[in-house]
Amino acid sequence: MAQASFDQVREGQEIPTFQRVTDFMHWNRYAAVNDEFVYIHMDDEMAQKIGQPAAFGMGNLQASYLHNLLRQWVGDDGWIKKVSCQFRGMNFKNDTITAKGTVVKKYEQDGEKLVDLDIWTENQKGEKLCPGKATVALAG
Amino acid sequence: MAEEKPTTYITDEERTQLGVERPGTSSPPVAAGDIRKWAIAVYWPERPPALFWDQEHAKKTRWGGIIAPQEFNPFTWPAERPKNRPSAMGTGQPGTRILNGGAETEYFVPIRPGDVITSSSKLAEVYEREGRMGLMKFVVTQTDWKNQRGELVRINKNTLIYY
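Chains as they are written, first to last, in this note's numbering: chain A, 1 to 140; chain B, 141 to 303.
The set of hints was computed from the structure by calculation and includes no laboratory data. In this text, all values refer to a predicted model and were calculated from it rather than measured experimentally. Any given hint could turn out to be false.
[As the list claims (entries may be wrong)] Just some of the chain B residues that point at chain A, by a computed CB distance under 10 angstroms: (1) G159; (2) P185; (3) A190; (4) W203; (5) E244; (6) Y247.
By construction, the Cβ of each residue, glycine as well, lies at the ideal position given by its N, Cα and C atoms.
Same shape as in the complex, but just chain B (with noise of 0.2 angstroms):
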């Protein structure tokens, strides 16, 4: 006989924390000098296009001087590192295994030098469905990215499954 398994693995805790906005951290301010390493890093080892770090050449774009390749990431290197950083909301389960769902990001207006950008995330979306393996839980994680002046920079959904 079947051994008796629950018929979800969606928790108590988990929907209650759905949508509910928690406010992380802000970056400390963007350099000319950051934005043209991650350039340099992620064209290497052929020169990076002249927009993320020739300020003459970027001034005849439309964005009318240097702005950071649209994946950047401006919360590297924190003086401070938190112990456990939560890399995932939601609380796990069916068996132990995880995968990573992959990402899904959608771009607003670009990171500027001096640009201070501040997130914050949400359990955006869990749901389950049957796969090979059994039950498998999905769980989607949004992080939103704003600039010193509010404006979306851009939305970030991660999908973790448990299965």
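Next comes chain A alone, as it looks inside the complex (with noise of 0.2 angstroms):
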């Protein structure tokens, strides 16, 4: 896997970004593997009772998203150090979603070769659902 160099990471920097078209494929894999059977990402009729237009998908899987675009970046051999993001806004079917991520800041700690970064998932319409921050440490 390609991996960031901490030398050539610049601040305000923006990383590769992670990108899926998501539907009931990918919710469903998502309910499956963290045990998350919930109506509202289901069926249309109880996400409507609740206001929403029609199912959506899981909040977590948005987090997971952030993971990916994370990883990706620091490759194999790098952390993620720290990762906190909040929900906004609903994925819903067919959507775009891409995860992106720009450097805040560069520094050494401890050994340690970390950035800051601040991440969100965001909608075909540029809407961000899921922003947040991150701390990872680099490899090399």
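From the two separate chains plus the hints, produce the assembled complex.
Right, here's the structure in full:
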């Protein structure tokens, strides 16, 4: 896996994105592995009862996409030290979800090469669904 | 005349619960297949990184073997389900509305096949802020995971907002 190199990281830099066009093929698989069977993620009528237009994907899957974004950047030998995110918007059927990140700061601490990032997922309209922050340790 | 409102919604119960560790449950041993399926699901429809399913590849990494994707949840599919699974601590209030204020997770050592993870939770913080909708109460629950060697795996802080 391609791996970010600490020397080449620039503050303000955008990291390569992670993107999926999502529907029930993704949500059902995620429901199965996270044992997360909730009607609002399965049934349009149940989602409409809570004021949403249709069933929508899990917030936790958005969080996984943010982890995927960071993993593909740090590589096998990197490590995600900290992730935060807030669930702000819904992921509806056939939405194109893009996980993005920008470098806020790079620094060395206790012998580790660390990078702070702003991270988020957004839909095809550019609406941020799951904004957050991360700190990763780079292997080299 | 404006109706009289309480100056705080933080309860005595919450004050006494603050910081008190509640032992949680232990996971079943993590299977390599659980890790592989998690990775497949979160990378669907593309092939997940080999670190999560190919032992030969994983041996060559700094980890020396397969590890789980860091956000992997080992507590799924219990054979017996408690009827009222408490999803949060604290006692709720202002109004009836609740908002997931988000989560923050710190990771320490990876989860590997065979690991048994034990969780414990505590009410970490309760505070209030005046917002546009009136008084809002923030309840922060902290959940720590340790492995069978007592090593810290992760600390998760989840905030629920009552308003």
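Does the structure break any of the earlier hints, and which numbers would those be?
1
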